[in-house]
Amino acid sequence: MNRTIASILNRAITRRGATLLLALPLLHCASTFAQGTDASAQNWPQRPIRMVVPYPAGGSADTVARTFGKMLSEKIGQPVIIDNKPGASGNIGTLDVMRAKADGYTLLFNPSIHVINPEIMERPPYQALEDFTPISQVAKGPLVLMVSSSLKVNSLADFVKLAKSKPKEVTFATSVIGSASHLAEELFNKTAKVDILIVSYKGNAPALNDLMGGQVSAMFDPAVTAVPLAHSGRVKALAVTGKTRLTSAPDIPTADEAGLKGFEFYTWYGLWGPKNLPEAIAKKLEAASRQVAQSQTFQKGMSDEGLQSVGSSRTDFAGLIKQESALYRSIAQQANIRAN
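My numbering puts the first residue of the sequence shown at 116, with every later residue one more than the last.
Misleading hints may appear alongside valid ones.
Here are the in silico distance ranges between beta carbons for each label pair [stated by the list, open to error]:
{"no.": "1", "residue 1": "Ser-280", "residue 2": "Lys-398", "range": "52 to 60 Å"}
{"no.": "2", "residue 1": "Lys-305", "residue 2": "Glu-284", "range": "15 to 23 Å"}
{"no.": "3", "residue 1": "Pro-239", "residue 2": "Lys-305", "range": "31 to 39 Å"}
{"no.": "4", "residue 1": "Gln-242", "residue 2": "Lys-279", "range": "21 to 29 Å"}
{"no.": "5", "residue 1": "Asn-269", "residue 2": "Lys-437", "range": "33 to 41 Å"}
{"no.": "6", "residue 1": "Thr-430", "residue 2": "Arg-214", "range": "19 to 27 Å"}
{"no.": "7", "residue 1": "Lys-305", "residue 2": "Glu-189", "range": "40 to 48 Å"}
Calculated lysine-lysine pairs in the PhoX-like style (CA-CA distance at most 25 Å, straight line) [claimed, not checked]:
{"no.": "8", "residue 1": "Lys-415", "residue 2": "Lys-255"}
{"no.": "9", "residue 1": "Lys-351", "residue 2": "Lys-279"}
{"no.": "10", "residue 1": "Lys-255", "residue 2": "Lys-281"}
The hints are simulated quantities; they were obtained by calculation from the structure and are not laboratory data. Quantities reported herein were computed from a predicted structural model and do not represent experimental measurements. Quick reminder that beta carbons are idealized off the backbone N, C-alpha and C, glycines included.
Can you build the whole structure from these sequences, using the hints too?
Here you go:
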């Protein structure tokens, strides 16, 4: 009986030993893989980087991305290739990056609509913070309130007075439902206590054409578009939505100066990586992005576009995303904005 028990124990020990021996190569492979992953992150970048811009070439997001990408490539020592993937309010290019391998060779450059979309969509395909690695807020800028040159107003106070005297007759144009301009217009209605009808277009160009033609009364748009139109006399610029006047158009007052206290709104641009980007790569990208933003060349380029260079830390950028998400959610809920 004792011999039988001893035999069973020996066989059990032998099996356990065999199992451990079989597991050793797997453990070694796992360790080697982890070391390889760490090494590749430490040695990043070793090849060109694809930076997805989910909007067409030639637009404001593309312009800022190309300026930033060129200078980022100089800092990291590898080409940064801009890949325009427009469609579905930016979601096509955004989802391409979300599904990409988190190895630092696919990045996302997106304006603030990246944070707006999840707050206005019925079934958002992503969450701005949870599904991406925020790297840095690159630049920001106010919008400009433009009115048709045929509209008989010459100041923000005149415009508000007209909107209150003719509710629903004064109209806002917006390039697309849920854009930064759309949310600024909804916030304007609330702050100024007016009820201006918002007309949605399929793109910025037709909205601007109708504004210049007098088919709509007013529109918010970034300074890079608005200032040249105002200076050419094709529209009137009544106010900017930032705290300070634009260096490119010091003649346009801020909304606060023009009498609309507390009205402030910005569009901005940021850099993201896919979720779970290795810490070593995220740190390198953060440092390089901040160096670009702090350079006089980039600051001058952004100023010419009516923007301000930022170059925030990853922590500050994540905090901004939370703050902006709450703002956009509040505006969308109060105005009942919903997109498919």
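For each hint given before, does the structure comply? Return the numbers of the non-compliant ones in rising order. 3, 4, 10
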